[in-house]
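Chain order of the listed sequences is A and B.
So for the first sequence, the numbering used here puts the first residue at 1; every next one is plus one.
So for the second sequence, the numbering used here puts the first residue at 104; every next one is plus one.
A few of these clues could be false.
[Claimed, not checked] Listed below are several chain B residues computed to face chain A (Cβ distance under 10 Å; list not exhaustive): (1) Gly158; (2) Asp185; (3) Pro206; (4) Asp220; (5) Ser222; (6) Val252.
[As the list claims (entries may be wrong)] Just a sample of chain A residues kept apart from chain B, beta carbon distances all over 12 Å, derived: (7) Asp3; (8) Pro4; (9) Lys6; (10) Gln10; (11) Glu17; (12) Asn34; (13) Gly36; (14) Leu51; (15) Ala80.
[Stated by the list, open to error] Cβ-to-Cβ under 7 Å is the rule here; a few derived chain B residues that face chain A: (16) Pro166; (17) Val169; (18) Asn178; (19) Val181; (20) Phe205; (21) Leu207; (22) Ala217; (23) Lys226.
Think of the hints as simulated: they come from the structure by calculation, not from any bench.
No residue lacks a Cβ here, since even glycine has one placed at the ideal position from N, Cα and C.
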Amino acid sequence: MADPMKIRAQMKGDVCEIRVLMSHPMETGQRKDNDGKTIPAHHIQLVSVALNGKPVVSGQLAGSVSRNPVLGFKVKGAKAGDKVTVSWKDNKGDSRTDEATVA
Amino acid sequence: MDLIRRTVLKGAGATGVLAGLLASGMLKPTLAYANEWNAAAFGAKDLDVALKTIGADGAATNPALVMKAPDIAENGAVVPVDVVSNIPNTSSIAILVKKNPFPLAALFEFSNGALADVSVRLKVAETSAIIAIAKADGKTYTAQKEVKVTVGGCGG
Numbered sequence: 001m002a003d004p005m006k007i008r009a010q011m012k013g014d015v016c017e018i019r020v021l022m023s024h025p026m027e028t029g030q031r032k033d034n035d036g037k038t039i040p041a042h043h044i045q046l047v048s049v050a051l052n053g054k055p056v057v058s059g060q061l062a063g064s065v066s067r068n069p070v071l072g073f074k075v076k077g078a079k080a081g082d083k084v085t086v087s088w089k090d091n092k093g094d095s096r097t098d099e100a101t102v103a
Numbered sequence: 104m105d106l107i108r109r110t111v112l113k114g115a116g117a118t119g120v121l122a123g124l125l126a127s128g129m130l131k132p133t134l135a136y137a138n139e140w141n142a143a144a145f146g147a148k149d150l151d152v153a154l155k156t157i158g159a160d161g162a163a164t165n166p167a168l169v170m171k172a173p174d175i176a177e178n179g180a181v182v183p184v185d186v187v188s189n190i191p192n193t194s195s196i197a198i199l200v201k202k203n204p205f206p207l208a209a210l211f212e213f214s215n216g217a218l219a220d221v222s223v224r225l226k227v228a229e230t231s232a233i234i235a236i237a238k239a240d241g242k243t244y245t246a247q248k249e250v251k252v253t254v255g256g257c258g259g
């Protein structure tokens, strides 16, 4: 099981800014280890962001997204106290879902 | 007559069971991913093929699609890229790195009040153009920016 995500959701005027820090190696499948063997690809493929259970952003990522991905989104029509749910799923079937409250 | 009545009753019973299951949480709708990972587009080694697979070949440039990326990236492993589309009804944004082994890096789709505004950090293998593609009302728009990657961080 991967480490929890850090999610920050903050109202800036009438727009909710969501920032997510995910903990993931994001191996591209291009790198080689010290013995010259290719390190297999291991990266997040699907990301989904929901506000009070309603999907707002669905993303697909490649291994070329940096290690421990930091993603930022903006959503209109949110208010303080709303629940933000972020989920990801990687190419090895591992997944994680975390929640935060809009401040 | 009786047969119809029985059928109706049976139907009502079945609906009741379904509602019961939903209430008890057995059929609780889980947070679903809107789409599958587009293996064809992400696996494309050629920029043109990747663009074609996501339906963005021949995209027009549009000043309302704004991309922020550094002119010079001293560390190609972490290159911050922000893309904002001010084009009305933008439904998705894709980000590609022209010279990466697999150009397509990320694809985001927006709904229910999400703004077409994303930030992400990318690995950029060598000095390359970074390309953003926005889709709005079935049309595609593009913006790009050259990012110089210096190895060793000497700023040259």
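**Request:** Just pull the numbers of the violated hints for me, sorted ascending.
**Result:** Numbers 1, 6, 11, 14, 16, 17 and 18, in rising order.
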